[in-house]
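Novice: Residues per chain, in single letters:
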Amino acid sequence: MSGREGVAGAAPDDPRGPGAPLSAGMSLTCGGVSFSYEEARAAIPALRDVSFELRAGGSLALMGASGSGKSTLLQVIRGLDEPESGAVLLDAAGPVGIGHAVLQREVGLVFQAPELQLFASTARDDVAFGPRRLGWPEAQVTAAVDTALDVVGLPPAHFAERHPYALSGGEQRRLALAGVLAMRPRLLLLDEPFVSLDPGTRRQLVGILERLKAAGVTLLLATHDVDLAWALCDELLVLGGGRVVAAGSWDFSTAGRRLLAANRLREPFFVELWRRLGRDPQRAPRTAAEAAEALS
Amino acid sequence: MSSSPDETAPLFDISGLHYRYAGAQADALADLDLEVYEGEFVAVVGANGSGKSTLARLLGGLEKPAAARRALACGHDLLVEGGRTAARRDVGVLFQNPENQLVAQCVEDDVAFGLENLAWPAADIGRRVDEMLARFGLEELRRREPHMLSGGQKQRTALAGVIAVPRRVLVLDEPTAMLDPAGRDEVLTAVRELGGEGLAIVYITQEMDETVGADRVVALERGTEAYAGNAGGLFADAALVRRLGLGLPAAGELALALAERGRDLPGLPLTMDELLDALGGAT
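Protein chains in written order, with this note's numbering: chain A, 54 to 349; chain L, -17 to 265.
Rather than coming from a laboratory, the hints here were simulated on the basis of the structure.
Predicted model, so just to flag it, every value in this text is computed and none were measured.
Each residue gets a CB set at the ideal place from its N, CA and C atoms; glycine is no exception.
One or more hints might be untrue.
[Said to hold, decoys possible] Distance ranges between label pairs, derived from CB positions:
| no. | chain 1 | residue 1 | chain 2 | residue 2 | range |
| --- | --- | --- | --- | --- | --- |
| 1 | L | R109 | A | E91 | 49 to 55 Å |
| 2 | L | R70 | A | A96 | 35 to 41 Å |
| 3 | L | G178 | A | G84 | 19 to 25 Å |
| 4 | L | G21 | A | S306 | 40 to 46 Å |
| 5 | A | L169 | L | C88 | 20 to 26 Å |
[As the list claims (entries may be wrong)] Footprint (simulated), chain L over chain A, 3 or more residues, beta carbon under 8 Å:
| no. | region |
| --- | --- |
| 6 | 111 to 120 |
| 7 | 250 to 256 |
| 8 | 334 to 344 |
With these hints in hand, go ahead and build the complete structure from the sequences.
Specialist: Structure follows, in structure tokens:
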């Protein structure tokens, strides 16, 4: 535990320091997690007895109708909200004590429309905010910021000194992501990261997430976009009314499709194509390139 | 200042429109032309920062154009304050971020807000609000505080409030962005129905498949028109699509990927059915 403290705290000898791969993944287990929002009249249950596992380096699509509890679950995992009951286990370590707080610092959460929270007067200072709060030495902060800007396709030589508001919407979204990546998360939680991005920027973000996945970062991606969820994630978790209604492998059997429809989802485009071509939908391609390879 | 009774006049009649944000180095909109007629469904696409949301604000009378040869919305002159005030009444605008649109203490009050401003009788407001809540599946949330809603619920609430007020023209800025697939289909159906009722709709989107079937697609690039025509014409120009930061609907992306591997499909399919036809024909 004290070793982890060093990693996420001052971190001068962080083995994942500048130049090192971005991260090695963290495992996640939610056991019986419940949470309610307090409104004037009554508590509104948002999560009810949510249990699932995500292995280190895995990728999980978190799906479900609007209001099913996706954003709430991400905030509870990040530790911004305390579960009323149940526990969030990181790296299979216990939920209490200083070790858990330290582990939570290695969980990065990218909010919906994170660019609305950009506030510094340069891109560099915005990305540096998190690492500085962790008390990293300035040289290490600089290196972490440069790496993060590179990873999101905003080369520091060109972008670091620009005002965040002078960037395009797509650049702002990537800058906000860099602010989370600079802290070298081992588990990355993303809340609807593709919303309002143009298709070109979406392609860039998919590429960034594919690289993070390849580097071993654990991904939990809340999205309504079934096609991108299928392209990026090995498994899925469907919430309905705050409860887990499906968890694990993608299932495109008749029952699986019915479950998706009941939760206001649909099967991915290439899965439908494979089914309608009389091929096995479970073996459907994830991308246009894979589909073309199989069909040409 | 009343709107023109002329049935054939465009509802938006814009020529040479310029707009620049305070302190910006370049125009957000530059020499833009746009005509939209009754019953037309015009999709507007473009990269982030190309001027789409700025255009929505100008069309709704919420910003003053820097200059224009002509800038009429429902017959109101957007170059003068009185015209913009009248346009704000006649043009329904759904903003990209529903947070900016929700003002009341609960969902049903929010949907009623525009009608109350028009001083509708309370009973009529009640009926209209019920109709809108049902249309967008919000009945159970009617007493919920807007800040307690999910992103998709906020978006449906904001859209219900905009559509509640009877108008001749709507400007919708990414109305499906936050919605689950079923909600997206519901909103698209509702929007198409409104088009069928004769409303003109300017529909801003990043979802390329939503442009298929539009009467016209306008693509913006750095605030000016880079393409205007049908969706098929835009997507057939792969180099232009890439330059504009856009993409193709999934069917079209697959057709391009197949062409790169030496298998050319007949035509450019843009929907699942067109793709299946093309694959059948080419096998």
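Novice: Against the structure shown, which of the earlier numbered hints fail to hold, in ascending order?
Specialist: Result: hints 1 and 3 break, sorted rising.
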